[in-house]
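Next come the chains, spelled out residue by residue.
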Amino acid sequence: MKRSQLLVLVFVAIALVTPPLWGQSGGGRSSMVVAFKDDISTLDPAIGYDWQNWSIIKSLFDGLMDYEPGTTRLVLHLARSYTVSADGKTYTFKLRPGVKFHHGRTVVARDVKYSVERVLNPKTQSPGAGFFSNIKGASAFSAGKAKEVTGIRVIDRSTVSFTLDKPNAAFLHTMAINFSHVVPREEVQRLGTQFGHKPVGTGAFRLREWVLGQRLVLMRNPNYFLRGRPYLDQITFQVGVEPNVAFLRLQRGQVDVLGDGIPPAQFARVMGDARLSRLVAVGDQLQTGYVTINTQVPPFTDVRVRRALNMAIDKGRIVRIINNRAVPAKQVLPPLMPGYDREYAGYPFDREQAKQLLAEAGHPNGFSTVLYANNTDPNPRIAQALQQDLAAIGIKAELKTLAQSTVIEAGGTKGQAPLIWSGGMAWIADYPDANNFYWPIL
Amino acid sequence: MGAYLLRRLLQSVVILLGISVITFALLYMLPADPARMIAGRSATTETVMQIRTELGLNESLPVQYARYLARLVHGDLGRSYAQKIEVTELLSSRIAATFLLMLGGIFFELLIGIPAGILAAVRRRSAADQSVMVGAFLGVSAPQFVVGLLLIYILAYKFPVFPLGGFGSLAHLILPAFTLGIAGGGWYARVMRSSMLDVIHRDFVRTAWAKGLSGRQVVWKHTVRNALLPVVSMIGLDIGTFMGGVVVVESVFGWPGIGQLAWQAIQIVDIPVIMGVVMVSAIAIVLGNLLADLVYPLLDPKIRYG
Chain H
1 MKRSQLLVLV FVAIALVTPP LWGQSGGGRS SMVVAFKDDI STLDPAIGYD WQNWSIIKSL
61 FDGLMDYEPG TTRLVLHLAR SYTVSADGKT YTFKLRPGVK FHHGRTVVAR DVKYSVERVL
121 NPKTQSPGAG FFSNIKGASA FSAGKAKEVT GIRVIDRSTV SFTLDKPNAA FLHTMAINFS
181 HVVPREEVQR LGTQFGHKPV GTGAFRLREW VLGQRLVLMR NPNYFLRGRP YLDQITFQVG
241 VEPNVAFLRL QRGQVDVLGD GIPPAQFARV MGDARLSRLV AVGDQLQTGY VTINTQVPPF
301 TDVRVRRALN MAIDKGRIVR IINNRAVPAK QVLPPLMPGY DREYAGYPFD REQAKQLLAE
361 AGHPNGFSTV LYANNTDPNP RIAQALQQDL AAIGIKAELK TLAQSTVIEA GGTKGQAPLI
421 WSGGMAWIAD YPDANNFYWP IL
Chain C
1001 MGAYLLRRLL QSVVILLGIS VITFALLYML PADPARMIAG RSATTETVMQ IRTELGLNES
1061 LPVQYARYLA RLVHGDLGRS YAQKIEVTEL LSSRIAATFL LMLGGIFFEL LIGIPAGILA
1121 AVRRRSAADQ SVMVGAFLGV SAPQFVVGLL LIYILAYKFP VFPLGGFGSL AHLILPAFTL
1181 GIAGGGWYAR VMRSSMLDVI HRDFVRTAWA KGLSGRQVVW KHTVRNALLP VVSMIGLDIG
1241 TFMGGVVVVE SVFGWPGIGQ LAWQAIQIVD IPVIMGVVMV SAIAIVLGNL LADLVYPLLD
1301 PKIRYG
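Line by line, the protein sequences give chains H and C. All residue numbers for the first sequence refer to the numbering used here, where the first residue is 1 and numbers rise by one. All residue numbers for the second sequence refer to the numbering used here, where the first residue is 1001 and numbers rise by one.
Take every hint as true, because none was put in to throw you off.
Below, a list of computed lysine-lysine pairs in the DSSO-like style, where the Cα atoms sit at most 30 Å apart:
id : chain 1 : residue 1 : chain 2 : residue 2
1  : H       : Lys396    : H       : Lys414
2  : H       : Lys147    : C       : Lys1084
3  : C       : Lys1084   : H       : Lys113
4  : C       : Lys1084   : H       : Lys100
5  : C       : Lys1084   : H       : Lys198
Don't read these hints as lab results, they were simulated from the structure. Note that this is a predicted model, so its numbers are computed, not measured.
Just need the whole structure built from these sequences, with the hints factored in.
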């Protein structure tokens, strides 16, 4: 995911599971109003991959597996049961009977195969194709050399199996993320590119109306397969609302959830206000912020220089810059991620040792380099703090705070961008398994 | 007049072409790869390459531009990279809102500016004149973001007279239109004032005084009507500028017009949408200019276009 707002996921998850604490406005048993600054890009589960549409898509569609709300524990969802073969490479799922799509048809095993193949199909241009690349036959299918993914087998109407190239302990997670959510082929083919704006799924909510640029309204799916859910009758997403205005609407009771979070300028005030701070839902986010060091640009080719960089940075100060909404990282994995090592101390904040390492590596007087950062608050301020920390050990870093797309582009160009601060762009887990963080870098 | 009109229309086409070339080239040179943004983080290089081929991003600038132009003349503005909807659909869903805001904005500009300008001219060098001029200066200088938020805070939050932003009724239109009116009103006040002062010294006004007409008749029947001429051409320009999308006011008030669309598109480098909004704005401004120039001789018989 590109943005650091998993908080909304927590909000919506809470809203779906617990009785509505603050969702009251006319019409029906209960409803909730969420305010967003930007319009929602798409509701197609194969394509939607930003922090804003992720949880909305999850409300409209379902996958074979799911997570216990508010936790990282996998549970069965569309699948009634599953078995794993002895060699760990084949997963066989039996579907829950009687689950219906919003347009009335019952879900069958063929729908599961179709949905995953759709993501792997290059024509769909799905950003999630990579998650399923380890299914047998997936690469041949994606390259256009095969008409189907041979590793996905429809055994009967309610049984489907996935065979992998190699055992993958995180495979079940990929059956829980949005990309594997089940879609009805006939509706996808009928609607074509409009499917993202007229989604048809199995989820707890159905799309009631979407007025571009103004509002998106979801209504309760009365045939949802989980009894008694959802609790809400309706969710309205107001879009195009400036965060400060959204905050005013919240205080007037016109909006229940601030989709973009608390406006940064108001954060201290809100947390200090007795009435308002009770309305804040705090959740831990599976995210790590970091500075990328381009190991192919000298002098970062030398590991001692890279270590010196780590030791030169005052991580505590950066945490303070964002109002203590984080903890200093001692390792790659964030604290909530299974596999986090509480004992590991990482590199200390030690300027003397950093200078020593630099001298050992042949740069006793430091050197010049460039630090890129995203230009949305608070990243420029963090970048300045980083610049000061580096200057303290003799490294003169020129700051380039630019638009996200430009920074990403620079990062992707060979030999460019020696240093990038990841804030605003960086690493949020797609699923709660260390594999999700380690796989791209190992 | 006919020849003039033809010339102007041809000029307009050339101007629009020029704008499309410059904008296209600028967007082309941006160091951002739309294919990579669409493909996402976990995408393989093959997926990115394929998207680039499909979108024609591997072609040279002239080829890409030619393709764009060819589609443009058929009314196809492409598809938004982010939302995958046709740009024409996005624009048409929002243009009415901007049009309404334009009408409201011009209404308040005139409501504030014209009387202020007349007052300042008629009571030249008095306290009234000074305060109008200072007021105009403040109105023009004040950032619309601040004025807008202040108005929302006072007139929609603290005293819930108006709705807190949004779209849907006349009440929703008043605050954003008024915000636009404050800034533009300042301009109109100054122009009206200087135009009035210019006209007041003309011979025919002296004649009117000499004839013994009352102050009110001289001011309203003779001076104001003639002083309004430059204002009329300003209105034409204004129509164009407003239709181009008033980004700040639309964003602050959550007004679903093309300005808000442009702002969102720029942030994610959604090139087809950006091009679409720029072309619509350019057309609006060019037409607005043309309208202003055409209306002028209708009002002032001394002006003739050859």
